[in-house]
Amino acid sequence: MSVEAEKENLSFQAEVQQLLNLMIHSLYSNKEIFLRELVSNASDAADKLRFQALKDEALYEGDAELSIRVAFDKDARTITIKDNGIGMTRDEVVENLGTIARSGTRQFLEALTGDEAKDAQLIGQFGVGFYSAFVVADRVTVLTRKAGDKPQYGVRWESDGQGGYTIANEERPERGTEVILHLREGEDEFLDAFRLRHIIRTYSDHISIPILMDGEGEEAGEEKVNRASALWMRPKQDISEDEYHEFYKHVAHDFEPPLAYIHNKVEGNLSYTSLLYIPQRAPFDLWDRDQAHGIKLYVKRVFIMDDAEHLMPRYLRFVRGVIDSDDLPLNVSREILQHNRMLDRIRSASVKRVLDLLETMAKNEPEQYAGFWQTFGRVLKEGPAEDFGNRERIAKLLRFSSTHEAKEAADVSFDQYLERMGEGQDKIYYLTADSFKAAVNSPHLEVFRKKGLEVLLLTDPVDEWLVAHLENYNGKPLQSVAKGELDLGELEDKEAKEELDKAADEYKPLLERFEKALADQVRDVRVSHRLTDSPSCLVVDDHEFGIGMQRILRAAGHDLPQARPTLEVNPQHPLVKQLVEEKDDERFKNWAEVLFEQALLTEGGQLEDPASFVKRVNSLLMQTG
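Using UniProt numbering, you'd call the opening residue of the sequence shown number 1 and step up by one each time.
Treat each hint with caution, since some may be false.
To be verified - Mimicking EDC-like on lysine to aspartate or glutamate, the simulated pairs with C-alpha atoms at most 16 Å apart in a straight line are: (1) Lys74 with Asp214; (2) Lys516 with Glu586; (3) Lys450 with Glu515; (4) Lys31 with Glu170.
To be verified - What follows is a set of in silico ranges between Cβ atoms, one per label pair, in the way DEER data are often shown: (5) Lys451 with Val617: 26 to 36 Å; (6) Asn30 with Lys236: 25 to 35 Å; (7) Gln18 with Pro173: 35 to 45 Å; (8) Ala193 with His339: 28 to 38 Å; (9) Pro477 with Glu408: 36 to 46 Å.
Quick caveat, the hints were computed from the structure, so don't treat them as lab data.
The model shown is predicted, which means the values in this text are computed figures rather than measured ones.
Using N, Cα and C, we set each Cβ at its ideal position, and we do this for glycine too.
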């Protein structure tokens with residue numbers, strides 16, 4: 001088949017077209033970053049080749065000197081960024097340049113506001129580096145061939161960014177990728193050697209392979225523009241804040257500087273260097289459980305793999321950066337990593353440093369930590385279940401809403417809660433709910449408000465998982481106010497307790513009628529110690545998921561046993577007192593059902609038959625009228 005016969009005209013994925021349109025307008029005020037993004041992609045391609053060539057040296061095709069070349073042509077008005085890295089097959093070109101096959105794409109597009117400044121930040125966060133070429137170019141040509149493939153398997157890709165692209169096979173003797181930008185009118189400022197060198201030195205000086213440009217004058221050959229040394233191996237005092245930030249943008253494919261970073265060199269029995277960053281914003285694939293990159297592993301300055309899984313626990317998956325070991329073998333594989341004691345020690349020390357960084361931020365920069373918590377708090381809450389050894393340290397970093405000020409912002413730590421605990425209180429009380437409003441208005445809080453006892457309000461889906469693995473803090477057990485029989489210990493008012501015990505005896509016939517009426521729906525019916533205003537509430541056993549969480553898990557496809565809750569009734573409530581005198585069994589059953597269903601709705605549960613509930617309520621309203 002001829003090359004021409006293999007030429008295709010294809011359309012961009014809809015999301016790509018939206019991103020292109022947004023990028024051209026939103027990033028225009030900082031358009032020089034196109035060069036940073038394309039150089040960064042070229043560097044990644046070189047890293048991938050170097051790693052794959054460890055197993056198959058033939059991929060170098062006799063040329064192991066990796067480099068990136070940047071050139072411009074004033075007459076043709078083009079800029080070319082060329083690498084001799086891994087290159088791409090035809091299918092890979094379509095996948096990488098025609099589609100955005102990544103989780104979070106839809107959420108990203110839904111998050112766009114129409115405000116160009118805010119959308120520019122979101123676009124940077126999403127990391128669509130290649131498409132930044134269209135900020136300065138009205139046509140982009142990509143020539144590429146995968147290392148190890150024959151010359152006839154070269155590929156030519158071309159697009160004006162207006163909806164589609166052409167792709168064809170093209171004889172290409174050299175491996176690697178060449179990106180040619182045909183500049184828009186008015187972008188001639190980039191057809192200047194000094195301007196391009198300045199951009200490279202500003203944004204890409206840290207790239208560890210040479211970035212070459214033609215020197216000035218007829219006799220000059222190629223000159224290296226960047227330092228081409230691994231930034232993380234340089235002494236900390238020789239690295240500026242700007243250099244740290246630009247390196248972060250390279251490894252994280254982010255457009256914004258990091259929130260914080262930590263740079264460490266360890267020498268001795270185990271020698272390695274780590275440079276770890278905490279981003280300002282959550283990447284869109286933060287909740288993708290299959291996401292396994294974030295930390296780049298190097299051995300003796302040679303890139304080995306993106307592998308957050310072995311280098312950082314899942315609850316710290318937002319961390320970005322590099323770890324470079326002198327002691328791991330260059331041919332290290334993922335299988336070797338799984339059982340490598342050296343890597344376990346590196347991982348353990350890296351986790352400790354990240355937790356140190358967060359503790360320092362929480363102590364000395366509370367406003368900055370509040371921003372971190374709002375962005376990554378839900379992920380950090382996975383920590384106590386995953387990392388038993390650091391459970392207490394992670395717990396110290398957790399923040400919650402509480403009834404102390406009843407505001408939605410989660411800014412109360414366990415330590416602050418302990419400081420405010422009253423005399424005789426020996427438990428940390430908490431409530432899980434679907435939302436802050438549901439939590440703060442829960443009937444389970446009534447007796448705690450009456451007694452002035454603070455309750456932590458846990459409203460993230462992960463919170464049930466958290467408290468199942470974090471049973472105490474600093475020696476104080478965590479106690480749900482909505483689970484099990486309430487025992488306030490020394491905080492219990494003796495007279496009130498005696499009255500309730502007396503009421504339990506007096507109301508025994510009523511409770512038995514409730515049990516009979518709700519036999520299929522409840523495990524037990526008892527007089528409540530929790531309620532002061534509401535007529536009823538539902539309580540699950542200590543080790544069961546809350547009713548709202550049960551609903552969420554079932555909706556997600558989890559097969560949970562149908563546990564029946566306990567119904568608690570308030571003997572002081574007029575409605576409950578009225579039911580003592582109710583003679584009509586049918587009407588009593590309707591009232592019992594309504595009290596149960598109201599309590600179920602309050603807990604974030606779901607009615608099996610909403611129409612019957614409405615019918616019952618209407619019937620009772622008619623009868624009272």
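> CB of Lys451 to CB of Val617, is that within 26 to 36 Å?
Replying inline: holds, 33 Å
> Straight-line Cα separation of Lys31 and Glu170 no greater than 16 Å?
Replying inline: Roughly 31 Å separates the two Cα atoms, so the pair is violated.
> So does Ala193 sit 28 to 38 Å from His339, Cβ to Cβ?
Replying inline: violated, 51 Å
>> Given a hint of 25 to 35 Å, does the C-beta separation of Asn30 and Lys236 actually sit inside it?
In response: holds, 28 Å
>> For Lys516 and Glu586, compute the direct alpha-carbon distance and say whether it is at most 16 Å.
In response: Given that 16 Å is the threshold and the Cα spacing comes to 12 Å, the pair holds.
> Is the gap between the beta carbons of Gln18 and Pro173 within 35 to 45 Å?
Replying inline: holds, 37 Å
>> Quick check on a hinted range of 36 to 46 Å for Pro477 and Glu408, using CB atoms only.
In response: At 26 Å between Cβs, range violated.
> Holds or violated: are the alpha carbons of Lys74 and Asp214 at most 16 Å from each other?
Replying inline: Between Lys74 and Asp214 the Cα gap is close to 14 Å, so the pair holds against 16 Å.
> Within 16 Å, alpha carbon to alpha carbon, are Lys450 and Glu515?
Replying inline: violated, 29 Å
In summary, the structure is inconsistent with hints 3, 4, 8, 9 from the numbered list given earlier, while agreeing with the others.
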